[in-house]
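S.K.: The primary structure of each chain is shown beneath.
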Amino acid sequence: MALLEVEDLIVEFPTRRGVLRAIDQVSFAIDPGEVLGVVGESGAGKSLTGAAIIGLLEPPGRIAGGQIRLNGERIDNLSPDRMRPIRGRQIGAIFQDPLTTLNPLYAIGRQLVETMQTHLPLSDRDARERAIKWLEDVGIPAARQRIDAYPHEFSGGMRQRVVIALALCAEPRLVIADEPTTALDVSIQAQIIALLKRITREHGTAVMLVTHDMGVIAETADRVAVMYAGRIAEIGPVKDVVLTPAHPYSEGLMGSIPSLEHRVERLRQIDGAMPRLTAIPQGCAFNPRCPSTFARCTTERPNLLHAGPTQAACWLHAKGAANG
Amino acid sequence: MFPFILARILQAIPVLLTVAGISFALFAYVGDPVAQMLGQDFTLAQRDAMVHALGLDQPLYVQYGKFVWAALHGEFGLSYRLAKPVGTLILERLPATMELAFCAATLALCVGVPLGVYTGIKRNGALARLIMILSLIGVSLPTFLIGILLILIFAVLLGWLPSFGRGTLTEILGYHTGLLSLSGLKALILPAVTLGLFQMTLIMRLVRAEMLEVLRSDYIKFARARGLSTRAINFGHALKNTLVPVITVVGLQLGGLLAFSIVTETVFQWPGMGLLLVQSIAVADIPVMSTYLLLIAVLFVAINLIVDLLYYAVDPRLRLNRRSLTGRG
Amino acid sequence: MNALSRFFDSDFAYSFRRAPVAVISTLVLLICVGGAVLAPMLAPYNPFDLASLSLMDSFHPPAFMAEGDRTHLIGTDDQGRDMLSAIMYGTRISIFVGLLAIAFALTVGISVGLLAGYMGGTVDAILMRIADVQLTFPSILIALLVDGILRAALPREFHDKMEIWVLIFAIGIARWPQFARTVRGSTMVERGREYVMAAQVIGLSSRRIMTSHILPNVLGPVLVIATLNLGLAILDEATLSFLGVGLAPTEPSLGTLIRIGNNFLFSGEWWITIFPGIMLAAMVLSINLLGDWLRDALNPRLR
Numbered sequence: 001m002a003l004l005e006v007e008d009l010i011v012e013f014p015t016r017r018g019v020l021r022a023i024d025q026v027s028f029a030i031d032p033g034e035v036l037g038v039v040g041e042s043g044a045g046k047s048l049t050g051a052a053i054i055g056l057l058e059p060p061g062r063i064a065g066g067q068i069r070l071n072g073e074r075i076d077n078l079s080p081d082r083m084r085p086i087r088g089r090q091i092g093a094i095f096q097d098p099l100t101t102l103n104p105l106y107a108i109g110r111q112l113v114e115t116m117q118t119h120l121p122l123s124d125r126d127a128r129e130r131a132i133k134w135l136e137d138v139g140i141p142a143a144r145q146r147i148d149a150y151p152h153e154f155s156g157g158m159r160q161r162v163v164i165a166l167a168l169c170a171e172p173r174l175v176i177a178d179e180p181t182t183a184l185d186v187s188i189q190a191q192i193i194a195l196l197k198r199i200t201r202e203h204g205t206a207v208m209l210v211t212h213d214m215g216v217i218a219e220t221a222d223r224v225a226v227m228y229a230g231r232i233a234e235i236g237p238v239k240d241v242v243l244t245p246a247h248p249y250s251e252g253l254m255g256s257i258p259s260l261e262h263r264v265e266r267l268r269q270i271d272g273a274m275p276r277l278t279a280i281p282q283g284c285a286f287n288p289r290c291p292s293t294f295a296r297c298t299t300e301r302p303n304l305l306h307a308g309p310t311q312a313a314c315w316l317h318a319k320g321a322a323n324g
Numbered sequence: 001m002f003p004f005i006l007a008r009i010l011q012a013i014p015v016l017l018t019v020a021g022i023s024f025a026l027f028a029y030v031g032d033p034v035a036q037m038l039g040q041d042f043t044l045a046q047r048d049a050m051v052h053a054l055g056l057d058q059p060l061y062v063q064y065g066k067f068v069w070a071a072l073h074g075e076f077g078l079s080y081r082l083a084k085p086v087g088t089l090i091l092e093r094l095p096a097t098m099e100l101a102f103c104a105a106t107l108a109l110c111v112g113v114p115l116g117v118y119t120g121i122k123r124n125g126a127l128a129r130l131i132m133i134l135s136l137i138g139v140s141l142p143t144f145l146i147g148i149l150l151i152l153i154f155a156v157l158l159g160w161l162p163s164f165g166r167g168t169l170t171e172i173l174g175y176h177t178g179l180l181s182l183s184g185l186k187a188l189i190l191p192a193v194t195l196g197l198f199q200m201t202l203i204m205r206l207v208r209a210e211m212l213e214v215l216r217s218d219y220i221k222f223a224r225a226r227g228l229s230t231r232a233i234n235f236g237h238a239l240k241n242t243l244v245p246v247i248t249v250v251g252l253q254l255g256g257l258l259a260f261s262i263v264t265e266t267v268f269q270w271p272g273m274g275l276l277l278v279q280s281i282a283v284a285d286i287p288v289m290s291t292y293l294l295l296i297a298v299l300f301v302a303i304n305l306i307v308d309l310l311y312y313a314v315d316p317r318l319r320l321n322r323r324s325l326t327g328r329g
Numbered sequence: 001m002n003a004l005s006r007f008f009d010s011d012f013a014y015s016f017r018r019a020p021v022a023v024i025s026t027l028v029l030l031i032c033v034g035g036a037v038l039a040p041m042l043a044p045y046n047p048f049d050l051a052s053l054s055l056m057d058s059f060h061p062p063a064f065m066a067e068g069d070r071t072h073l074i075g076t077d078d079q080g081r082d083m084l085s086a087i088m089y090g091t092r093i094s095i096f097v098g099l100l101a102i103a104f105a106l107t108v109g110i111s112v113g114l115l116a117g118y119m120g121g122t123v124d125a126i127l128m129r130i131a132d133v134q135l136t137f138p139s140i141l142i143a144l145l146v147d148g149i150l151r152a153a154l155p156r157e158f159h160d161k162m163e164i165w166v167l168i169f170a171i172g173i174a175r176w177p178q179f180a181r182t183v184r185g186s187t188m189v190e191r192g193r194e195y196v197m198a199a200q201v202i203g204l205s206s207r208r209i210m211t212s213h214i215l216p217n218v219l220g221p222v223l224v225i226a227t228l229n230l231g232l233a234i235l236d237e238a239t240l241s242f243l244g245v246g247l248a249p250t251e252p253s254l255g256t257l258i259r260i261g262n263n264f265l266f267s268g269e270w271w272i273t274i275f276p277g278i279m280l281a282a283m284v285l286s287i288n289l290l291g292d293w294l295r296d297a298l299n300p301r302l303r
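Protein chains in written order, with the numbering used here: chain A, 1 to 324; chain B, 1 to 329; chain C, 1 to 303.
Keep in mind that the hints were calculated from the coordinates and are not lab data.
No experiment lies behind these values; they were computed from the predicted model shown.
Don't be surprised by glycine CBs; every beta carbon is placed ideally from N, CA and C.
Any given hint might turn out to be false.
[Claimed, not checked] Straight-line distance between alpha carbons at most 25 Å, and here's what the computed DMTMM-like set of lysine to aspartate or glutamate pairs gives:
| hint | chain 1 | residue 1 | chain 2 | residue 2 |
| --- | --- | --- | --- | --- |
| 1 | B | Lys221 | A | Asp271 |
| 2 | B | Lys186 | B | Glu213 |
| 3 | B | Lys122 | A | Glu202 |
| 4 | B | Lys221 | A | Asp148 |
| 5 | B | Lys221 | A | Asp240 |
| 6 | B | Lys221 | C | Glu163 |
| 7 | A | Lys133 | A | Glu202 |
[Stated by the list, open to error] A short list of chain B residues far from chain C (calculated; beta carbon distances all over 12 Å):
| hint | residue |
| --- | --- |
| 8 | His73 |
| 9 | Ile121 |
| 10 | Ile137 |
| 11 | Thr143 |
| 12 | Ile146 |
| 13 | Gly256 |
| 14 | Phe300 |
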């Protein structure tokens, strides 16, 4: 059985000019131990999906439809008191900027101990030993000496390691990593991704890796979901989506990955910009930018359709579509 | 720790010397001290004698040096109005003001901080909104008007509490306190509430604003994402971070208490330094004014020092790179 | 007209109409200011006309009380002055002093801020050090001391004649530092912009660059602060007058009226002090409520 199932999730924001639908009928599942990459441009709804799953949508944003199930049980309609023990213990989260995600006034050890003791029956001493173990695990040198150090005494990369330890220390089965390397120095990014990969594999933790970096997805994820304007454009095994994308948008995204093996004259880019939530075009949201638009695309919105090994929300894959 | 304090004290010295300079200039040049001392009729010889006696014929820096030296020994000259040494006058009045300010500060902190936390957490709750509206009224009502209203209600209409003076005083080691007798305590209530109310609303609004700011921060979101209890998040993580900016402002507000005690003391005829100052200003009693100025400066420097020390205790970032946060002021 | 209709359609106007507090505050404020400005036309009596005062009229209670009469709606004071008229004229004086004090503080603050921000270096260090030291002390204390010093320094008769100007000076001088700091901050940002460099390259004088190029660009934020400070300046004046170092009873502001009334609180003539008090509180409360709303409305993060 899938660990996490998201079904027809809808997230809305009421505003002065009407209700904006930021996530529109998104469905996907994550198996235990699996790494699902979620890619897309800024504002495509990647991070919001993560926030909705962990129950931390910022008001006035709200889940307006669909279901989120963990181990087959709904968690999208739980009261705050029943959701709280799930966060950290069942689903962990890693945020973008390690400089702001750690409380500056508490030593990192204390933050670890507090998190573990919230969820696990540990004595002060055991919790502290385990905290040291975790810091060693995520590669903090001299962990035993540095456990009482404060966040400002660490570099950005080291802090992100601490954040990873904090997210995983109560042994959740799923961790949502929201752009975990975006705020870091390029030279550090690869180390952090490698660490995340190693440590989640060791603990059998599933990962929902949200990023706009296709390169990271390509080398880390098992499967990938491509999001566009609040919907999933394509979802499937990472190899297939990268090598033989079925959705013109994925094709555009993949075209923008620089490659060492194939020398290309210039990287392709997709013309135009993603529509704002207030002005999503009729039919397929991608149709104004799509090189293969045809009549149906401007009138009807496509749902996910089977397209070989992947699924794509594109009329090109409908039975009896124009060019087959 | 120690070099940190030392640096702060060294920084304060120029400020104090400047204020002393202003204070000295007032003393020596504003109005005519000689005429003030001699009264209406005097001969030129008497005048010269007085000028000499006051040291006004000496070079400026000598006069200033003497002034600072005397001030360090608690000698501030004679009050024109009461013909008594200013040092003694102020020392007599100091306990009254200190007791009043202390009680008002305690009230402001003990009520203001919890209310601020509450209204910050329950941002949209009905009670929180009501408190916010009431607090805005509190901020808008001038201190003297609050005092008058309280007198009207509790002294004139209900007759429960006295409206002026300090009640019965008890002497301990030459220190007169009103805290040890029932009438003294009763006399303290209205002035302390009047003085504390404004600061209380300010502190409350500040704590609330900071609380809202902190609750939006990434580390609070991360704490929520780790499933920490609401209690631990609100009171452990959020409140402590709120304290850093709150301490500064509260420190300055406590200084403000001393200033506003002038108004409160006037309304309640409370025999403290503030009342002395107002009475002295009305008749241009310069020695009292210049001494008050000096004393207030010393108190403010002391308060700032305490604020810095508290900072140091709360914020670990300060303990490492000392310079980064001290560039505040 | 087009600009006006655009304004009414803007988010700003929309959130204004949606905020009853802001609308009501504006109305109250308009009534206060209107009543004060038009006092000579609207007030039933002229409280400054000493000849018309009669002790026979003193201590009339308000009209709604048993012994009250219709000729004095909210009663009279100890000298037989009609309270309603006195309050209208008193508000006029309070607003006058508040406005001029803020204008004075703005002038000093903007000049110092421009100079410090544009010149930088030692000039900046000295000016801002002074501002910082002054900012440590509450403004009411500064105003009180400045007033006291001027009282001692100026000859008696001259001081009495100039009392209102002394008061404006004292309140204004106590409030310049925060304007200076704001202007300095924006000036330092503007100084680095291309248009300033361009002006320097074509050889305009520093003075010209500061006044006709930088000044218009830094005025916005400081004017918002000035509006908020108006309420505080009015309170400063009332407080000083209440302490007896402000305006004389012959030309009473709201603070003076409250001070006069305070003497009769125990003998039961509460209206002499309460009505000016309500007026003062209503006016300052509306300014604060409006300022509060304005700050939130201009801060997109809180929406």
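S.K.: State for each hint whether it applies.
M.R.: We went through each hint and held it up to the structure:
no.	hint	result
1	B:Lys221 - A:Asp271	violated (36 Å)
2	B:Lys186 - B:Glu213	violated (40 Å)
3	B:Lys122 - A:Glu202	violated (42 Å)
4	B:Lys221 - A:Asp148	holds (22 Å)
5	B:Lys221 - A:Asp240	violated (35 Å)
6	B:Lys221 - C:Glu163	violated (57 Å)
7	A:Lys133 - A:Glu202	holds (14 Å)
8	His73	holds (24 Å)
9	Ile121	holds (16 Å)
10	Ile137	violated (6 Å)
11	Thr143	violated (7 Å)
12	Ile146	violated (10 Å)
13	Gly256	violated (5 Å)
14	Phe300	violated (6 Å)
The earlier numbered hints that this structure contradicts are 1, 2, 3, 5, 6, 10, 11, 12, 13, 14.
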